[in-house]
Amino acid sequence: MYLMVLPGFLTVLIFNYFPMYGILIAFKNYSASKGIMDSPWVGLKYFKTFFHDPMAFRVLKNTLLLGLFTLFWSFPAPIILALLFNELRNKRFKKIVQTVSYFPHFISVVIVAGMIKEFTSRDGLFNDIISFFGGSPIMFLLEPDYFRTIFISSGIWQGVGFGTIIYLAALSGIDPTLYDVAEVDGANRWKKIVHITWPSIRSTTVILLIFAVGGILGTDFQKIILLYSPETYSVADVIGSYVYRQGILGAQYEYTTAIGLFMSMISFVILYLTNWISRKVSDTSLF
Amino acid sequence: MRKVSLSSRVFDTVNILFMLIILVAVLYPILNIIATSVSSSRYISTGSVTVWPQGFNIEAYTTVFKDPYIFKGYLNSILYAVGSTGLMLLFTSLMAYPLTVQGFVGKKFLTIFLMITMFFGGGLIPTYLLMRSMHLLDTVWVMILPGAIGAYNVFLFRTFFMNIPSELRESALMDGANDPVVLFRIILPLSKALLATFALFGLVGSWNSWFEALVYLQDQDKYPLQMVLRNYLFTLDTNAIAGRVGAGNVAINQAGDSLDPQAVRMSVIIITMFPIMCIYPFFQKHFTKGILVGSIKG
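Keeping their order, the protein sequence lines are chains A and B.
Mapping of the first sequence onto this note's numbering: residues 1 to 287, in sequence order.
Mapping of the second sequence onto this note's numbering: residues 1001 to 1298, in sequence order.
Read the hints as simulated data drawn from the structure, not as lab findings.
The beta carbon of each residue, even a glycine, is placed where N, CA and C say it ideally should be.
Check the hints yourself; a few may be wrong.
[Claimed, not checked] BS3-like mimics (lysine-lysine), calculated; alpha carbons at most 25 Å apart, straight line: (1) K34/A x K45/A; (2) K34/A x K95/A; (3) K95/A x K1285/B; (4) K1192/B x K91/A; (5) K1192/B x K94/A; (6) K94/A x K117/A; (7) K34/A x K94/A.
[Stated by the list, open to error] Far from chain B, some chain A residues (derived; all Cβ distances over 12 Å): (8) P7; (9) R58; (10) L64; (11) L65; (12) T70; (13) E87; (14) Q98; (15) Q158; (16) F221; (17) S278; (18) K280.
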């Protein structure tokens, strides 16, 4: 039986644990020929570099703001949609809308980014609408003012339908007689939503909220890398994209590892704090 | 028959309208891409293509299929998707099974060993350096091995296997079978629903991934389709595309020609999305269950 576990064990050891050991280079002057072990220590040099990096403030701010705005708009969206799905009376229609709304989740980031590029281009859909109403065309992807809106709304387009599944699962567990009893007691639809439907998904919501707040710094930088350009760096460049640019493209391995480590520590603290607050306030927590 | 109040009916109407907006918001872009990919330049440049092809022609498709990278990309994507999903199912089953066996020494250690990876990781750069030092860059392995095992999947498999009565294993062992035989002959055949769900999620996830390829692959011959598509959409200009399909610049550039660069880009999107659109109808029955498996885990 140990032989059965072996392939999985080795894979995890190599691809999950070796990179954790590799984090050591954040404190070293890494040279590939010497290896991680024998590269000389430099202490907190790269962390100091980060705090003096003029870009550091910008990417931290962008990461945090994009995370906060995404949380604000993208987190409630599937809850509201699930509640609306739940209010649909025609089961067939409900099924059709659900099936269609899940589909964007399975479209790749590259395609979504490509669609955004085409539809926001000079002769794209959005500019067609603008010029129809007599406005002048806007180069959306080159305007920093629009970047967050584009990023967040396309994220909702892609994820809102699929995000309802987990709430709908919780909703399907409601005993239908509760609604009948409430009706006899004279409750209207709004009251039923507030007193029956919402309480049944509240704990799911709290758990997902903890995850969402904990992941607030983990922006989907894949989409950013596809969509941003030097014109929009001022709002679009986040930790993930900065690490990719400086690390993979710029070969500043130690420095970007240090940034990565710094960010995961902050993320972990945020997750821990959110969890702690949630345990105090609502008795629901992950750990 | 219950009475429906006026406000309730107004709400229903607004709700249905809202749902129709959602249908349009999802379907319009997709239909527009399909329509544009098979329309001719004359209509595309005037912006008159909506959800129905105008001046139907499939020249965009016949042109991009001349690009050898599209074909290679397809083969690579299939190889990576099938390889990584196959390994994932195999390794995950092999690891999850012993965790369900009473008295297996090391169960606790393995659980913690896996759980740690759910909270901590090395991050992009150390992982990249590891791949480089192991000479895995530009190989098939870098695309299929790292994702072969995920803690979360192992725990879901374990939960599923636990619901299979352990008497089955005991009686099989009595009859002289060993544990691998029990897993492959008894447990896995009883877990077809689980395997199907994870296989579909694995295939779709792998098919749609591109960032690994961006970071780990330099060799264009190894690019998966998503990377080819990314180049079509974001980096290649018309001349470069024309060069790749072996046509002169004229073929794509010329105004008034039936072939439009936008139609070319759209056709590559459709080619890339095609397998997903084909399996989606079958898939959507499964994934609701798949998500539920995840949520009962608790």
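Consistency of the hints with the structure:
A hinted pair counts as satisfied when its Cα atoms are at most 25 Å apart, and K34/A with K45/A qualifies at roughly 19 Å. Distance hint between K34/A and K95/A is unfulfilled; the C-alpha atoms sit about 60 Å from each other, more than 25 Å. For the suggested pair K95/A and K1285/B, the alpha carbons sit about 11 Å apart, so the restraint of at most 25 Å is met. Under the criterion of a C-alpha separation no larger than 25 Å, the hint pairing K1192/B with K91/A is inconsistent with the structure, at around 29 Å.
In summary, the hint linking K1192/B to K94/A is not supported, as the alpha carbons are separated by about 29 Å, beyond the 25 Å threshold. A threshold of 25 Å between alpha carbons decides the hint, and for K94/A with K117/A the separation of about 31 Å lies outside it, so the pair is violated. Between K34/A and K94/A, the direct Cα distance comes to roughly 62 Å. Violation of the 25 Å bound is thereby established for this hinted pair. For P7/A, the non-interface assignment is contradicted: its Cβ lies about 5 Å from the closest Cβ of chain B, within the 12 Å cut-off.
For R58/A, the shortest C-beta to C-beta distance to chain B comes to about 19 Å, beyond the 12 Å cut-off, and the non-interface label holds. Residue-level check passed: L64/A sits 19 Å from the nearest beta carbon of chain B, beyond 12 Å. Interface exclusion of L65/A from chain B stands, the closest Cβ pair being 22 Å apart, more than 12 Å. Under the 12 Å C-beta cut-off, the non-interface status given to T70/A relative to chain B holds; the minimum distance is some 19 Å.
Not every Cβ of chain B is farther than 12 Å from the Cβ of E87/A; the closest lies at roughly 6 Å, contradicting the non-interface assignment. Residue placement check: Q98/A does not keep its beta carbon more than 12 Å from all beta carbons of chain B (closest about 9 Å). With 12 Å as the threshold on Cβ separation, the claim that Q158/A sits away from chain B is violated: the shortest Cβ distance comes to roughly 10 Å. Non-interface status of F221/A relative to chain B is broken: a Cβ of that chain comes within 12 Å, the nearest being about 9 Å off.
Every beta carbon of chain B lies more than 12 Å from that of S278/A, the smallest distance being close to 16 Å; the non-interface claim holds. Every CB of chain B is more than 12 Å from the CB of K280/A (nearest about 21 Å), matching its label as outside the interface.
The structure fails to meet hints 2, 4, 5, 6, 7, 8, 13, 14, 15, 16 from the earlier list, while all remaining hints are met.
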